[in-house]
Every structure is written in structure tokens, then in C-alpha cells.
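*Asks:* These are the residues of each chain, in order.
There are 2 protein chains.
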Amino acid sequence: MEVIITPEEMQGWSRQQHRTGLTVGLVPTMGCLHEGHLSLIDTAATRCDVVVVSLFVNPTQFGPNEDFAKYPRTVEEDLARCRERGVAAVFLPQAAVMYAGDASVSVVEEGLSGRWCGASRPGHFNGVCTVVAKLFNIALPDVAVFGQKDYQQAAIIKRMVRDLNFPLEVVVAPIIRDDDGLAKSSRNGYLSVAEREMGLGLSRALGLARAAVATGESDAGEVVRRMRQHLTEAGLRVDYVGIADVETLEPVSVLAAGQVALVAAYAGKTRLIDNTIL
Amino acid sequence: MEVIITPEEMQGWSRQQHRTGLTVGLVPTMGCLHEGHLSLIDTAATRCDVVVVSLFVNPTQFGPNEDFAKYPRTVEEDLARCRERGVAAVFLPQAAVMYAGDASVSVVEEGLSGRWCGASRPGHFNGVCTVVAKLFNIALPDVAVFGQKDYQQAAIIKRMVRDLNFPLEVVVAPIIRDDDGLAKSSRNGYLSVAEREMGLGLSRALGLARAAVATGESDAGEVVRRMRQHLTEAGLRVDYVGIADVETLEPVSVLAAGQVALVAAYAGKTRLIDNTIL
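Top to bottom, those sequences are chains A and B.
Under my numbering, think of the first position of the first sequence as 1, with each following residue one higher.
Under my numbering, think of the first position of the second sequence as 279, with each following residue one higher.
Isolated chain A (complex conformation) (with noise of 0.2 Å):
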């Protein structure tokens, strides 16, 4: 496996497997790999001749108070289970090398990224959109894959590719949950025994919503009530809850299959996210 720290060696790498005639997939992360990760590997492996994974904690992501410096660093461990799982090679560049002390160029995208995490989080989604252009270019993938953990993550950066023509093909693959129902996070470490039996409250919520498609309900705002006194009982915080438009993440008021819902709360400090589609 080959650990490349710069753009350059890169972009040389993933060109000279393309000369050599074979696909590649890349997972962008930033690192403290679960299980979550893997699977994404695994996907990539599935469509792909060789996989990259970039391992990078992207500062221009985090807002002014959030948990950038604290945000979990595990290499080693990453390196390991990439070479496990028979990735090619893996990114891991510094963040002096990834933006230039003027930097002056990004990507926005102000059509999906109001709301939802996009309101809690301003300029979020922008930093998202462009590391993950920048990560595009630099490895030169032929198909990405994202988790649909980040539902609106990976819907803004499918737009992103429509909008920009990246020359590459986004995989979002399935939320992989631990046996009690709890969607992985590298942030579920910070979690305290009492916290974490209160995130279960965010599968539940969703498993409400679609207990309410099967049985016919129609009353959108009626089931998002009921989702977010489910999480407010499980003595989370609740920051959204809410059943979209699986593309344009608008709010529906009448409840459909196909819809998607989306909940996020604190437990204590950590901020949890989760979704399904209905």
C-alpha cells in the first residue's frame, strides 16, 4: 500500500493507473475509521480496480466552535486497517500542503445547504464542497464513495459533480449501525455510557416515521412532532428533525415512501446525526 502525502505524487499516481487501464475509487475521510468506512472501501472495491482513501481532517469544515482540535487522530490504526482491507494507496497530506496561506478560491453550493445541517452549521457544506473538489482533482477517481450517514452531504456533493462536470461517477452507501441500532460515528467515542444509551433515541425517532409510512399516515408534521418528543424523551437536545424531498431536501407536509428523514440532537456535547429513507 502506498502512502502519498502530496498533491502531486498523487495525481502522477492515480494517472499512471489510468494509463495502465484501470479504475479508480476513491473514499475520502477523515480518518478514526469504524466500520462505517470500511464498508465504504468495501463499495469501492466493488466497482473499482484500485481505491484510495484520503485521511484528512479538513479544518475549513469545522466552524469557530466546534471540535477540530479535539476531533479524534488514529493513524496508525487507519493505516493498518487500509492495508487490511487491500486499499492501493492512501492520501494523507498536511494541511499546509492542502491550502495555500492566501487561499482565495472555494466552492458554494446555497441550494440544498440551507437547511438541516447547513443551518446549524454555516459554511459547512462549503468547506465540504471544496476539499472534496480539491480531493477530486487529486485523485482523479472515477467513482467516489460517500456514506449516507451524511445524507446532505452526499446530496450536495452529487450536486456539485452534476453542477461542476466532475468527470466521475458518486456512490452513497448504506448507514452501517452497530447491533442496537446506533448509526457509527468516529464522534460515538465521545460518548459516556449514559450518552450513548440516549443516541439510540435517533434510530428510534426515524423507526417511528416509517412505522408511519406502513401504516398509511399521511400527516408529515404530525410524525415530525412525534419524532422530536421521542428524542427530547431519550433526553437528547434536539437540533432538526425533519422528512424531505430525497433530492431537493425540501420539507414535505404529506408523508410518502421514498421521502427521507432526517434527525440530529446532542447527546451531552456530541452532536448526533442520523437518517433514513422511507
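Calculated directly from the structure, the hints in this document are not laboratory data.
The C-beta atom is built at its ideal place from N, Cα and C for all residues, glycine as well.
Please note that the accuracy of each hint is not assured.
Examples of chain A residues lying across from chain B (beta carbon under 8 Å, computed) [claimed, not checked]:
(1) Val-108
(2) Cys-129
(3) Phe-166
(4) Ser-218
Result set (EDC-like, lysine to aspartate or glutamate): computed pairs, CA atoms no more than 16 Å apart in a straight line [unchecked claim]:
(5) Lys-547(B) to Asp-345(B)
(6) Lys-436(B) to Asp-345(B)
(7) Lys-184(A) to Glu-169(A)
(8) Lys-436(B) to Asp-102(A)
(9) Lys-158(A) to Asp-380(B)
(10) Lys-547(B) to Glu-473(B)
Go by the hints and put chain B onto chain A.
*Replies:* Leaving out everything else, chain B in the frame of chain A:
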């Protein structure tokens, strides 16, 4: 010569060139090709195996009161000139395939765009960055050639390539002028005989700056004042006159060789720009 109208076909064509080991040079234009554009094509041909010219009058880089509707379109002549010049493929898209109705992602530049043309044309350079990013992802060039005539544009594109890690080299080719010094421009066709005469004031004003450097003058403000006076006396309405650092585009106070002198002025209703490296 191939004439390609969809992004997907263009990507496929360029990938095929790369697969056969050929390098691709891109010359992005808005059509109405003149000797300036043809020199860019020649520059691309000296650097790459095959040359792609894009012909696209990009609506998003025109302001609401600018000349998008009347901007000259000469597609048949443009295609003939490209064919004569040995261009391998022309990319000729319709606006509807370039911009989805709900397009929401753009590329913005916030360091070099504030002054000069950017001050007179709000949003112009974000429109330029966005369409050029799209054209890079569509034509997948190894080298992209821009004209020095649009000096600020070229500086901003170089910044974009650096900050978003586009895997290509930007080449800036020299300004081509008529025998009397007027820089070639598609907009010169708007000029009456009297306005064209006025337009010579731009290159003469730049000559004042070159002469000042040659004679060891150091007060950039005084030279700018003299240039402005020259433009006004020629009958032009001045938009801006400046002497700036070649990379940051910040105005300088001490004149020196290696800086760039920039002018923009109206001859009647037609806005003309010009520049020179001192």
C-alpha cells in the same frame, strides 16, 4: 475536426486521447475568433498533441446591463478558422446543457477579484471561474491557454488551478495587437471609426508607464495620474487605471520593472481593456 456538443461526449473524447498517450490543450473562448485567439491555439499546439477549442458565450459572466445579448456570434467562421488552424475538436455546447435550471454550485474567488475589472463587473469573475472549472472537467486538458489581454482573469484562473488542485498547467499567451497598437478584442467590432481612434489611447497610456520605468521614475501614483489624463484627453471615459503587483494585483506606490500596468476605459458605449508587464 470533431464538433462536440455534450459534456459527456467531450469527456469521452479527451479520455480517449489520454488513453492513446496524447496530451490535450484547451483554449476556452466565447467565439468570434480573431488573431488573438488563433495565437492561443498556436501556443496550445506547441505544448500539446491535440488542441480543443471551446466556443461558448457564457451567460453567467455577464452582468444584467452588459452585452450578453448582442455579444457577436460567428459560429460558422469560428469553426472554419479552427479547422484551418489544425484544431482537433471544438466543444460547442448550448447554455441549457451547461447549466441545469436548478444549478446551485459555483466557484468563487475572493482575493484577486475585488479590484479592477472585478470592481466594475460584480459577479463576473465568479461566473468565469465556474465556467472554466466546468470546461476543465469537461475537456480534461493537460494545458489550458489564456490570453494576457484579460490579465486579471488569467491571474484568477491560475489561482483557481492552484487552490482547487486542477491537474493541469495554465499558460498565458501574449497580447496580439493591430499594427497601430489596439489590442485585438471581439468587442472592437462595436467601435465606430472615431471610437476606434479613441481606443488607441489605451495602448499609448500603457506606453507612458513603460517609458516612466525606462527613465527610472518611482512615483507610481504620478504615472497613473498621467495615464489617466492621457485616456481622458483621447476622449475615453476611464473605468480604471492602475499599476499593480503581477501576482497579488495589489496597487503599488513605488514603480518598478516587473509590475503590471492595467487600463480599462469606454470608447462610446464599448468597454475596452489593455495591460502591459513593465
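*Asks:* Determine for every hint whether it applies to the structure shown.
*Replies:* Here is how each hint holds up against the structure:
1. Val-108: 6 Å, holds
2. Cys-129: Cys-129(A) check passes; min Cβ-Cβ to chain B is 7 Å, inside 8 Å.
3. Phe-166: 5 Å, holds
4. Ser-218: Violated: closest Cβ of chain B sits about 26 Å from Ser-218(A), beyond 8 Å.
5. Lys-547(B) to Asp-345(B): 10 Å, holds
6. Lys-436(B) to Asp-345(B): 26 Å, violated
7. Lys-184(A) to Glu-169(A): Violated, at roughly 24 Å.
8. Lys-436(B) to Asp-102(A): Judged against 16 Å, a Cα distance of about 13 Å means the pair holds.
9. Lys-158(A) to Asp-380(B): At roughly 13 Å apart (the allowed maximum being 16 Å), Asp-380(B) and Lys-158(A) satisfy the hint.
10. Lys-547(B) to Glu-473(B): The given pair, whose Cα atoms are some 9 Å apart, holds under the 16 Å limit.
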